[in-house]
Amino acid sequence: MTVFPTLSFLPGVQTLRVWHPRGPNEIEVWALTLVFADAPDDVKEDTRVGVLRSFSPGGVYEQDDGENWVAIQDVLRGYRARQTRLNTGMGRGHARRDDPDYPGVIGNVYGEEAARGFYDHWGKMLVTDDWNSLYASETATRR
Amino acid sequence: MTSESPWANDLAACLKSATAGDAIARMLLHHRVEQFYFLEAARLDARDYRGWFALLADDLTYRMPLRFNRTARERSHEFSRPGESFLFDEDKASIDRRIKRLETGMAWAEEPPSRTRHAISNVRVHPSGLSANADDPIGGNPSGTNGGLEPAGAADAQSSGDTVVVTSYFHVYRSRLERQVDQLVGERTDRLRIVTGETGFEVVERYAVLDQATVLANNLSMFF
Numbered sequence: 001m002t003v004f005p006t007l008s009f010l011p012g013v014q015t016l017r018v019w020h021p022r023g024p025n026e027i028e029v030w031a032l033t034l035v036f037a038d039a040p041d042d043v044k045e046d047t048r049v050g051v052l053r054s055f056s057p058g059g060v061y062e063q064d065d066g067e068n069w070v071a072i073q074d075v076l077r078g079y080r081a082r083q084t085r086l087n088t089g090m091g092r093g094h095a096r097r098d099d100p101d102y103p104g105v106i107g108n109v110y111g112e113e114a115a116r117g118f119y120d121h122w123g124k125m126l127v128t129d130d131w132n133s134l135y136a137s138e139t140a141t142r143r
Numbered sequence: 001m002t003s004e005s006p007w008a009n010d011l012a013a014c015l016k017s018a019t020a021g022d023a024i025a026r027m028l029l030h031h032r033v034e035q036f037y038f039l040e041a042a043r044l045d046a047r048d049y050r051g052w053f054a055l056l057a058d059d060l061t062y063r064m065p066l067r068f069n070r071t072a073r074e075r076s077h078e079f080s081r082p083g084e085s086f087l088f089d090e091d092k093a094s095i096d097r098r099i100k101r102l103e104t105g106m107a108w109a110e111e112p113p114s115r116t117r118h119a120i121s122n123v124r125v126h127p128s129g130l131s132a133n134a135d136d137p138i139g140g141n142p143s144g145t146n147g148g149l150e151p152a153g154a155a156d157a158q159s160s161g162d163t164v165v166v167t168s169y170f171h172v173y174r175s176r177l178e179r180q181v182d183q184l185v186g187e188r189t190d191r192l193r194i195v196t197g198e199t200g201f202e203v204v205e206r207y208a209v210l211d212q213a214t215v216l217a218n219n220l221s222m223f224f
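Going down the list, the sequences are from chains F and P.
Sequential numbering of the first sequence, starting at 1, is according to the numbering used here.
Sequential numbering of the second sequence, starting at 1, is according to the numbering used here.
This is chain P alone, in the form it adopts within the complex (with noise of 0.2 Å):
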């Protein structure tokens, strides 16, 4: 593959090839995604906030569910579902209001600032619209496991030509003053939206999943 591709430059092309099954699309589609996950995550680290303000789409939902011990006859309800109580449920204007708050330089449980090391890993693009997971209530199957409810965003999951539905996983190290570590660890499930410019995306729709019941950390100060 050389530079010369068209896909190189043209992501909407590189997904409608990828969705037909091209593998080199494929490869170069999860490559790009990868690289823009990087890229967040790098400006989460480098406390630039603003900077990865400018990845998420006007549109953003950005929700990360209450997670319980069930046995399996309850397994269906694991997690949070919407209406009730979620870790975070959050719009564009929400996650503006929480960076103010950061600038504000008062933020006490951020000031000193934690140091934060966002480890994303199990990239897993789904260019078809639906992840391979049934459960997500981002591209997931309609008909799945989570309590009947219709999965946001299954409705257009296949119709929007230009998003792309990714799962990943994420390992946060938190340090924080001397001595405290804490560790989040989890998945997402996106729905990314393909844009000009040269970040290539931007985040539509956040579903992370923590994978702890009760949260062991003093509080949740960082983003995902």
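Chain F on its own, in the form it takes in the complex (with noise of 0.2 Å):
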């Protein structure tokens, strides 16, 4: 999950990460360990190294992640991809807004509703004069 633009985190795996662009193709991360403040020690000392063996330049998962993100890249960068639009369509039409608990657009995780979330607010921030009309139009689209 993002917190537009470049807050993530996992759910379940209490890690949060900052990506930082430092440039074309370049993009820098911060990788966080959150732990709660009154776990008991032994239940921090299993986040802290549980999280680090997962989702670190090291860890497990991330050393895959490192490579898919770095190949997809690649082939964004290829003449063929130029010349096609982004396709960010899956799930759509499946997103519900009248969650009882949740408020705004809830897609499942395999999906694309938060890209297309993500470009719609960006789009909307290149071609709107001023922060208030911003927020106006941004809680217009929530229920």
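By construction, these hints were calculated from the structure, which means they are not laboratory data.
Ideal placement from N, C-alpha and C gives every residue a C-beta, glycine not left out.
The reader is advised that the hints may include incorrect statements.
One-sided and incomplete, this derived list gives chain F residues near chain P with beta-carbon spacing under 10 Å [to be verified]: (1) Ala31; (2) Leu32; (3) Thr33; (4) Asp42; (5) Val49; (6) Val51; (7) Leu52; (8) Arg53; (9) Ser56; (10) Glu62; (11) Gln63; (12) Asp64; (13) Trp69; (14) Val70; (15) Ala71; (16) Arg80.
Sample of chain F residues lacking proximity to chain P, with all beta carbon distances greater than 12 Å (derived) [stated by the list, open to error]: (17) Thr15; (18) Ala95; (19) Ala115; (20) Val127.
Facing chain F, according to a computed beta carbon distance under 7 Å, are these residues of chain P, among others [said to hold, decoys possible]: (21) Ser85; (22) Phe86; (23) Leu87; (24) Phe88; (25) Ala109; (26) Val215; (27) Asn219.
Build the complex: two chains, separate frames, hints provided.
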């Protein structure tokens, strides 16, 4: 899950990260581990070790993620990719706006509702003249 | 020194003589440690991960701290400390799981595999059990500058007659796919235990520091 534009977290894994663009073709990742303040010490230690072994530069999940993200960007720089519109349609039409507990638009984690929201907000920022107008338009799209 | 030397086949006696200051024993011990490191490097570079695993002790700790850019007044916090986050903080079981992952053939960060070359140099053996670097958490001076924390293993650094503390430099060249090249350079402080068997040692503790603050590779999918 991402707080626009560059703060992400993985629910259940307790890792938080900030994506720092470092110019074309480079992103620097700051990854942090969160522990519950009132957890017992052994639980905090298990969390610390569990996160660094899975989601750190040497972590067994992150190693593959690093590979995949770089490879995706390599493909997107290709001639054919540049002639093609980006498809962010996964799960389109299956989001809900009437969840009793959570505001806004809710989509399945395996889907691109978040990507659609990300680019939608960015697009609005580009064409809206001031912050108040931007907030007004954002409020109008919430339930 | 001839092949009839009792030290040639008895590393424990060699360590004892080296600790007592015998120059020839120190040289032999250094040679045996270095050959062990070259064997370890060769197995890693050949991707013989199980062969490398056999060189690790069952009570292994394997750690690589985070490293930060600190000015003088904060230099004591250049490296992350126990309880903070690390790049690696492993034991024998977690290394086993990492190797199992590589053995699935679906560890995409290593499929197709990287080409690595581990150059190990600047090997210094500290037969007294203490390393020359006061800040080393393995074998460092207990009153060293690592935030006043008791270095791991310092309590038994001198009492274990069969272990030796060694520092070495590593220069790991990693080439991946068509054009990706990464160079991971740093220093390892190890505690090695003398064992029977032809390799002579097993790695009990490894504390490796990387000479980068921000990790400039897309991953750390290699062992150090």
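Verification of the supplied hints:
1. Ala31: 8 Å, holds
2. Leu32: 8 Å, holds
3. Thr33: 5 Å, holds
4. Asp42: Check failed: Cβ of F/Asp42 comes no nearer than 12 Å to chain P, outside 10 Å.
5. Val49: Because about 6 Å separates F/Val49 from the closest Cβ in chain P, which is inside the 10 Å limit, the hint holds.
6. Val51: Interface hint status for F/Val51: holds (8 Å vs cutoff 10 Å).
7. Leu52: 5 Å, holds
8. Arg53: F/Arg53 check passes; min Cβ-Cβ to chain P is 6 Å, inside 10 Å.
9. Ser56: The hint holds - F/Ser56 has a Cβ within 10 Å of chain P, the shortest such distance being about 6 Å.
10. Glu62: 7 Å, holds
11. Gln63: 4 Å, holds
12. Asp64: 5 Å, holds
13. Trp69: 8 Å, holds
14. Val70: 5 Å, holds
15. Ala71: Since the shortest Cβ distance to chain P is 9 Å, the answer is holds.
16. Arg80: F/Arg80 check fails; min Cβ-Cβ to chain P is 19 Å, beyond 10 Å.
17. Thr15: 10 Å, violated
18. Ala95: 30 Å, holds
19. Ala115: Answer for F/Ala115: holds, closest chain P Cβ roughly 22 Å.
20. Val127: Since the minimum Cβ distance to chain P is about 35 Å, F/Val127 lies beyond 12 Å and the statement holds.
21. Ser85: Nearest chain F Cβ about 5 Å off; hint holds.
22. Phe86: 6 Å, holds
23. Leu87: 5 Å, holds
24. Phe88: Because about 5 Å separates P/Phe88 from the closest Cβ in chain F, which is inside the 7 Å limit, the hint holds.
25. Ala109: This interface hint holds because 4 Å falls under the 7 Å limit.
26. Val215: 5 Å, holds
27. Asn219: For P/Asn219, the interface hint holds, since the closest Cβ of chain F sits about 4 Å away, which is under 7 Å.
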